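Colleague: Residue numbers (the UniProt record's numbering), protein chains in the order written: chain U, 1 to 273; chain D, 1 to 273.
Check the hints yourself; a few may be wrong.
Remember, identical chains collapse to one label, so a pair may be satisfied in a single copy or spanning two.
What the hints assert, rightly or not - Using 20 angstroms as the maximum straight-line C-alpha spacing, the simulated EDC-like pairs for lysine to aspartate or glutamate come out as follows:
#, residue 1, residue 2
1, LYS266, GLU122
2, LYS43, ASP169
3, LYS119, ASP223
4, LYS119, GLU236
5, LYS82, GLU193
6, LYS81, GLU267
7, LYS119, GLU187
8, LYS266, ASP223
Just so you know, these hints were derived from the structure itself, not from any lab.
All figures in this text were calculated on a predicted structure; none of them were measured in a lab.
There are 2 protein chains.
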Amino acid sequence: MEPLRSIDRLSLNQITTDRLNMSEAVEACVRAEVPWIALWRHKVAEAGLAESKRLVRDAGLRVSSLCRGGYFPAATATERKKRMDDNRRAVEEAAELGTDVLVLVCGPAPDRDIDFARKTVEEAIAELAPFARSHGVKLGIEPLHPMYAAERSVINTLAQANTLAEQHDPQDVGVVVDAFHVWWDPELYGQIERARGRILGFHVSDWVVPVPDLLMGRGMMGDGVIELRRMRHAVEVAGYTGAIEVEIFNRQVWDMPGDEALALIKERYLQHV
Amino acid sequence: MEPLRSIDRLSLNQITTDRLNMSEAVEACVRAEVPWIALWRHKVAEAGLAESKRLVRDAGLRVSSLCRGGYFPAATATERKKRMDDNRRAVEEAAELGTDVLVLVCGPAPDRDIDFARKTVEEAIAELAPFARSHGVKLGIEPLHPMYAAERSVINTLAQANTLAEQHDPQDVGVVVDAFHVWWDPELYGQIERARGRILGFHVSDWVVPVPDLLMGRGMMGDGVIELRRMRHAVEVAGYTGAIEVEIFNRQVWDMPGDEALALIKERYLQHV
Chain U
1 MEPLRSIDRL SLNQITTDRL NMSEAVEACV RAEVPWIALW RHKVAEAGLA ESKRLVRDAG
61 LRVSSLCRGG YFPAATATER KKRMDDNRRA VEEAAELGTD VLVLVCGPAP DRDIDFARKT
121 VEEAIAELAP FARSHGVKLG IEPLHPMYAA ERSVINTLAQ ANTLAEQHDP QDVGVVVDAF
181 HVWWDPELYG QIERARGRIL GFHVSDWVVP VPDLLMGRGM MGDGVIELRR MRHAVEVAGY
241 TGAIEVEIFN RQVWDMPGDE ALALIKERYL QHV
Chain D
1 MEPLRSIDRL SLNQITTDRL NMSEAVEACV RAEVPWIALW RHKVAEAGLA ESKRLVRDAG
61 LRVSSLCRGG YFPAATATER KKRMDDNRRA VEEAAELGTD VLVLVCGPAP DRDIDFARKT
121 VEEAIAELAP FARSHGVKLG IEPLHPMYAA ERSVINTLAQ ANTLAEQHDP QDVGVVVDAF
181 HVWWDPELYG QIERARGRIL GFHVSDWVVP VPDLLMGRGM MGDGVIELRR MRHAVEVAGY
241 TGAIEVEIFN RQVWDMPGDE ALALIKERYL QHV
């Protein structure tokens, strides 16, 4: 498996440099010649939608995805409707920011009934998909690691995400493969192949041993046990040649100066992805 | 789904009251009229094998399982052989202690090659099974939560455990269903049904929100989101009517006086399992 020879597919997922505001993150990408950025809604809201769009466009950056829609299951019909309204706004923001991928973190169950919550997710995606299509935006279902099943998403395997996505046209709904969430899965490579034509994103970080923290414990590529190059190769064989987002929730990375973080990311990306 | 009407299937997994030594744990069970106990090898070693056997037998307790064999993958052939020798001793100890179930926590990979480690586990179980059979001991493959894939076990779903077990006679190799490890799995109930005739144990605790700690964060039944009664019903429908082990890694439970912990366990067991 060949290493990547350039950073032309590298995308900085904005959460990786969470201490930088929109303008600082954009400038850091430009200085580092990182051509892609993945935006988070809270950062966009902070800078303003129009200003975020201007900053990114003027810098010549491409937006690989907007993170995130989802959080569909809720205890009441009123709350579910509110979440759906918010998802429609997320679709509009994605379109406005010039990306065709809205990443879905589907949300936890409001109670013990995980099956019902999964059904709710299925229905919500079916409801959102036509709206997204009309805005030229695809919904990327990102399965989250099973350790987040109770708090962040009831969609926990690529098999589940594929089954959901396959109910829709590949132009409308696909999956996002995040190495940190799926690396442990004994079905991983079969499910990546199954996702052919539907992979809307590939995210990298690493699983360090021992895990320092449930949420903030993601490692820099190369610091952990994930076979990142093998996985990158597999998504390519399955037809994905788009941006590769570096998405690391890690306080040490957050505490690094932006330029330093980006230099390290570029180095590790070429070495390990 | 009917609640349990008695504690006649309740087993104290010894790790739940980790601060008690063998004699104290046995006495606490007797006082609480808990009829079963699940033993851990480090506790058995501490008390001595013969003395552990005597204590348990004199108290009239039944041993639901011995925890644990496994940890098969290793970096060198020498180390793998050492682990296999240790597993044979674990089988002998299980037989000596009067239980026919040795729980297998299969172990992590020594490097990034998780597929190879999984193959090693398969081969090791095939090697160990005839020895276990000759001692009247069954091997219970316990899938561990995917968050332990890098540090404790490369067997992370019930589907995987079933596939491994099905290579053997149901009299020799089966699976152990621990609610904490498998509750999130979208395939769970289908895989419990698939395990019919091979379920060698059912362990309960709970998944609390937010998760306080990766290893020590298991909750008391009823304090979390797991549908314990539904799962207990499913394993019964699949033919399992044996002991139900309460296995909780939780410092607060460890810090409770033994009698108090057992009183709470009995109460929650009848309420939630």
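Colleague: Going back to the hint list, which numbers does this structure go against?
Modeller: The structure breaks hints 1, 2, 3, 4, 5 and 6; every other hint is satisfied.
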